[in-house]
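Trainee: In case you want the letters, here they are:
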Amino acid sequence: MGNDFQLTLLIVVLGGIFSLLLAFIWIAVRIGPKGRNLRSHSGNNNELFDETYRQKLQARGVARFERTLDQNATVLQKELSNVSEEVTQYIKDNIGQILGDQLDDQKQVVRAAEEKMAQSFKNIDNALTDYQKSMQAEMHQQLLKQVDSRVQFLDQNMSEIINSYIQQTLASELDVSDQIKGIVANLEANKSAIVEDLKREV
Amino acid sequence: MKSDPSIALHISIVSAHDLGLIQRELFSIDSNIKAHGSSVVSRIKPSGQLDNLIKSSGIDLGDDQQRQLLSQQLQFVRRTAPNVTLVFAKRPDSRSLLMLVKWFRENGHPNTLINAVTDPSVGGGCVVKTASKTFDFSYHKLFSKQPIKLTR
Chain F
1 MGNDFQLTLL IVVLGGIFSL LLAFIWIAVR IGPKGRNLRS HSGNNNELFD ETYRQKLQAR
61 GVARFERTLD QNATVLQKEL SNVSEEVTQY IKDNIGQILG DQLDDQKQVV RAAEEKMAQS
121 FKNIDNALTD YQKSMQAEMH QQLLKQVDSR VQFLDQNMSE IINSYIQQTL ASELDVSDQI
181 KGIVANLEAN KSAIVEDLKR EV
Chain R
203 MKSDPSIALH ISIVSAHDLG LIQRELFSID SNIKAHGSSV VSRIKPSGQL DNLIKSSGID
263 LGDDQQRQLL SQQLQFVRRT APNVTLVFAK RPDSRSLLML VKWFRENGHP NTLINAVTDP
323 SVGGGCVVKT ASKTFDFSYH KLFSKQPIKL TR
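Chains as they are written, first to last, in my numbering: chain F, 1 to 202; chain R, 203 to 354.
Isolated chain F, as found in the complex (with noise of 0.2 Å):
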């Protein structure tokens, strides 16, 4: 639309220049050396317009030519104005339609945006769902590993730990006492040997 407007006031533009074109070239064309030659042509020592006929036509023929103008500018005018009302028309009947469509492009932008935004965290979500699940089959596995060690350790340490539980908890219950009774029957299952590293030693 634009670009008709432009277009149609060119075309008024340069249909005044033309017409204003013509006038001139009509004006000089009477007044000029032609119509003088045609007047010297006739070898007549007196002219065919004389001086004040001259001047009056000169002056009549500046008047129509103001005149001239003064319609073309009025036509001119009268254009501008018819162009610029339709313009504004067009753009009053039109811009509600052209801002709607601007604006649907924008949430179709907008919502297609949303949409890729809501798919990369639903991907995000299933990922790490993936990868807990993975994590607790590991943990599962390690803590099995875990376990079985521990009861590994406890089986082939299970003297030590007892040795020290007893340290700990019966260190001050147990007396030489109660153990009296072990003690010698350990010492007679060894009799010979303690004996004779003693005789060895006197």
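Please keep in mind that the hints were generated in silico from the structure rather than gathered at the bench.
There's no promise every hint is true.
For lysine-lysine, the following DSS-like pairs were computed, each having C-alpha atoms within a straight-line distance of at most 25 Å [said to hold, decoys possible]: (1) F:K181 with R:K292; (2) F:K191 with R:K331; (3) F:K181 with R:K304; (4) F:K107 with F:K122; (5) R:K343 with F:K191; (6) F:K199 with R:K247; (7) R:K292 with F:K199; (8) F:K191 with R:K335; (9) F:K92 with F:K78; (10) F:K145 with F:K133; (11) F:K122 with F:K133; (12) R:K247 with F:K181; (13) R:K257 with R:K304; (14) F:K181 with F:K191; (15) F:K191 with R:K292; (16) F:K191 with R:K304; (17) R:K304 with R:K292; (18) F:K199 with R:K335; (19) R:K304 with R:K335; (20) R:K247 with R:K292; (21) R:K304 with R:K331; (22) R:K343 with R:K292; (23) R:K343 with F:K181; (24) R:K247 with R:K257; (25) R:K343 with R:K331; (26) F:K181 with R:K257.
Guided by the hints, dock chain R onto chain F, whose structure is given.
Mentor: Positioned in the frame of chain F, the structure of chain R alone reads:
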């Protein structure tokens, strides 16, 4: 045996430290008598261990020669008697210790000197250390010989 057990230590004289105390006490009594004469003998109050030794050996403290002999015998015992170290988790009571001393003196050498020490890592039982051997009768050794298995 190379040593001549002409004197048998009383059961109350357990360790080399006890023997040393007896020897020092005897030396002190001897010095006292030599300084003040035999009149002080009646006022002398020997320690329980020395008193037991005198009674068991039948020595007269007032007699210089017998005192000298006793001193020499104690010196000989100290030099020649076998030493045994017993390691317990806790300090044994005197009754238990005397039972062990009695066993060693009846089955080993009549003047065996016992040194009782404590080591909590033993846990229970005892470790017997003679001059060249160690006999581990501790609970630590006992459990390590017979490992216990867990059942699920």
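Trainee: All hints, please: hold or fail.
Mentor: We went through each hint and held it up to the structure:
This hinted pair checks out: K181 (chain F) and K292 (chain R) have alpha carbons roughly 16 Å apart, not beyond 25 Å. Pair hint K191 (chain F) plus K331 (chain R) holds up; C-alpha atoms about 13 Å apart against a cutoff of 25 Å. Using a Cα cut-off of 25 Å, the hinted pair K181 (chain F) and K304 (chain R) holds, with the two alpha carbons roughly 14 Å apart. A distance of roughly 22 Å separates the Cα atoms of K107 (chain F) and K122 (chain F); the hinted pair therefore holds under the 25 Å criterion.
Proposed proximity of K343 (chain R) and K191 (chain F) is supported: the alpha carbons are some 18 Å apart, at most 25 Å. Using a Cα cut-off of 25 Å, the hinted pair K199 (chain F) and K247 (chain R) is violated, with the two alpha carbons roughly 36 Å apart. Our distance criterion of 25 Å between C-alpha atoms is broken by K292 (chain R) and K199 (chain F), whose separation comes to about 29 Å. For the proposed pair K191 (chain F) and K335 (chain R), the alpha carbon gap of about 13 Å is at most 25 Å, so the pair holds.
Under the criterion of a C-alpha separation no larger than 25 Å, the hint pairing K92 (chain F) with K78 (chain F) is consistent with the structure, at around 21 Å. Restraint check for K145 (chain F) and K133 (chain F): satisfied, since their Cα atoms lie roughly 18 Å apart, inside the 25 Å limit. For the suggested pair K122 (chain F) and K133 (chain F), the alpha carbons sit about 16 Å apart, so the restraint of at most 25 Å is met. Proximity of K247 (chain R) to K181 (chain F) is assessed by CA-CA distance (about 37 Å); at most 25 Å being required, the pair is judged violated.
A distance of roughly 18 Å separates the Cα atoms of K257 (chain R) and K304 (chain R); the hinted pair therefore holds under the 25 Å criterion. Proposed proximity of K181 (chain F) and K191 (chain F) is supported: the alpha carbons are some 15 Å apart, at most 25 Å. For the given pair, K191 (chain F) sits about 24 Å from K292 (chain R) by alpha-carbon distance, which is consistent with the 25 Å threshold. Restraint check: the Cα-Cα separation between K191 (chain F) and K304 (chain R) comes to about 14 Å, which is no more than 25 Å; the hinted pair holds.
Distance hint between K304 (chain R) and K292 (chain R) is fulfilled; the C-alpha atoms sit about 20 Å from each other, no more than 25 Å. As the CA atoms of K199 (chain F) and K335 (chain R) are separated by approximately 12 Å, the hinted pair is consistent with the 25 Å bound. For a cut-off of 25 Å, the pair hint linking K304 (chain R) to K335 (chain R) stands: about 20 Å separates their Cα positions. Note on K247 (chain R) and K292 (chain R): the hinted pairing is violated, with a Cα-Cα distance of about 33 Å set against a maximum of 25 Å.
With a C-alpha separation of about 17 Å, the suggested pair K304 (chain R) and K331 (chain R) falls inside the 25 Å cut-off, and the hint holds. Straight-line distance between C-alpha atoms of K343 (chain R) and K292 (chain R) comes to about 17 Å, which keeps the hinted pair within the 25 Å bound. A distance of roughly 17 Å separates the Cα atoms of K343 (chain R) and K181 (chain F); the hinted pair therefore holds under the 25 Å criterion. The suggested pairing of K247 (chain R) with K257 (chain R) holds, with an alpha-carbon distance near 13 Å, which does not exceed 25 Å.
A threshold of 25 Å between alpha carbons decides the hint, and for K343 (chain R) with K331 (chain R) the separation of about 15 Å falls inside it, so the pair holds. Using a Cα cut-off of 25 Å, the hinted pair K181 (chain F) and K257 (chain R) is violated, with the two alpha carbons roughly 30 Å apart.
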